[in-house]
Each structure stands twice: as C-alpha cells, then as structure tokens.
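Protein sequence lines correspond, in order, to chains Y and S. FYI, the numbering for the first sequence is 14 to 243, going by this note's numbering. FYI, the numbering for the second sequence is 5 to 101, going by this note's numbering.
Careful: at least some of the hints might be erroneous.
Partial list, computed: chain S residues near chain Y (C-beta under 7 Å) [claimed, not checked]:
hint, residue
1, Thr29
2, Thr30
3, Trp71
4, Val73
5, Tyr92
These are computed hints drawn from the structure, not numbers from a lab. Don't be surprised by glycine CBs; every beta carbon is placed ideally from N, CA and C.
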Amino acid sequence: LPSAETPAPGVHERVEHAHHPALMHHFDDLDQQREAASLGMWVFLATEVLFFGGLFAAYLVYRVWYPNAFGEASRELDIVLGSINTAVLISSSLTMAMAVHAAALGRRRTLMLFLVFTMLFGAAFLGIKAYEYYEKYLEHHIPGANFQFHGPDAPHAQIFFSLYFAMTGLHAAHMVIGLGLMTVLLFMAWRRYFSPEWHSPVEIGGLYWHFVDIIWIFLFPLLYLVDRHS
Amino acid sequence: MAHYIVPPRTYYLVFAALLLLTALTTGVAFVNLGVFSPIVAMTIAVVKALMVVLFFMHLKYGSRLNWVVGATAIFWLGILLALAMSDYLTRPAAVVS
C-alpha cells in the first residue's frame, strides 16, 4: 500500500466507498461523483436550450410577421402523424425513465429491455419523421428552387417550411445521437458496467433523452397546431 | 446519502397525463379561441415540459444546484426571446412588408 497511515476517525465511511472501482480519485465518494455527473449534464442541457433557442426566436419573429402564411403552411403538415409521433416520443421517455429505475435497482436484464424499447420508440419516431419528409418532398414543400405552394403567400410559407425543416432536422439529429448513446448504454449494461451504486451514464443519458422529448413537446404545437381551426 | 428511487407508479401517472395533454392540445387546436389559441397551446406545452423535467428528469428529487442551472437556462432563453422581440415588435410596419 502507498500509505500506511490510518485514516482520521471521521473519514472511515468515505474510505470504504473509495474501494468502489467506478470512483474517480478526485471525488470524495460516489454520491458526490454522481451529483457532479448530473450537474454537468444539466449545464450542457442549458446550452442546448439556447442552441434551439435561436431557432425558436427566428420562428417567433416570422410567425408574428406572417401569421396567415404560417397558418396556411402549418395546415399542410400531417397532424395525425404529428400527434402519433408525439405519443411515440412520450412513450420512449417512459421506457427511458423505467430504464433508469431498473439501473438504480441493479436489474440488468430489465434495464437492457427498457433501453431496447426506448431505441425502438426512437427509431419509430425517426421513421415516421422520414415518411413526413418524403411527403413534403412529393408535395414540393421543401424550400429551394423546386418549392411550390398553392396559397396566396407562397414566399412566406416557404419561410415556415425552412423553419420546419431546420427545427425538426436539428431535433432529429439529436434523436440520432440519442440512439447512439442508447447503443453505448446497452453495451455497457450487457458488459455489467452498472450497479445500484454507480449507473451515472444511464442517468445522464436519460436526462439527454428527456430533454430531446421536451424540445418536441414545444415543436409539435408550434409547427403542427398554428391555426388548425380556420 | 442514498438517492431517492422514484416508484414506477409515478412514471405511469406522468405518462398518462402527458398523453392526455397531447390529446387535449390537439383537440383544442381545432377550436377557434382567437388570440388565446397560441396561449393555450403554449401553456399546455409548458405544463408537459414541467412534468417531464420534475419527474422523468428527477429535478424534484435531485440536487438544488440542478434547479439553479435549469432556471438559468430559462432566464437566458427569456433574454433571447424578449430582447429580440422588443426590437422586431417596435419597428414601423412599412419595414415588414
């Protein structure tokens, strides 16, 4: 042993924890390490709020300027697929929460099962999204040289579709990254990395997944429900 | 300090509430509420987001420091949206069209 010194009486419990293989040397104990990991993810998500925030600000400006064009363009979106996708994503958040729960209890197989469910819901979301993009392609609603819109205000409807693709595209990119994270978590769970004492990757992976869900919770009404009643 | 494990029942209730609110916001979008339509839609979205943050993301049970970070994010977003709109909403209409 590097040190033969007996620890001071007060630190006995901490020394016990220090034997956990997952404990990094710069943390006092696993609880502190866990809170630091979670706090780091929250800080990252705060920057993500502002990352998406720029697009939300652009959306707000143009919607205030061209409310009628935004209403017309929004009614072209498939509200059935949009609401189904919202339900799919909320379901994936439930299975993610259950995965974190299983990890906290040390139930490895349940954890793996819920991670797979989360990935399936995530993949279903992306599949439905891809189909919606394909529909937009057929309808010439993709902004650019081939954009066509049969309404009184086609140029400003094009701005709506630009924002639609930018916002849902950035969101879909986050979903793809999320699926990558889930794959890593699944592998780590399979290799028995996690224990009830230490499963921070599952927890902060869950924070990321739920955050992406929250972004969609705002995108859905802003893009699909602008002016449905007219 | 062992951390609190949220019972699955809480998650199921939150899940059911989120689905109900999704159905509600979709249905209410077809009703003409005038200027209140976007307000209702955004209020429902904020309630849904809060439920996800508090229960699924464990903000309700976690460290107080996470509250500070979350509140800071919303505050910054508020600055971004409010200051941007304070410019765009106060321009003469001629510039718009």
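Could you tell me which of the numbered hints above are not met by this structure, giving the numbers in increasing order?
3
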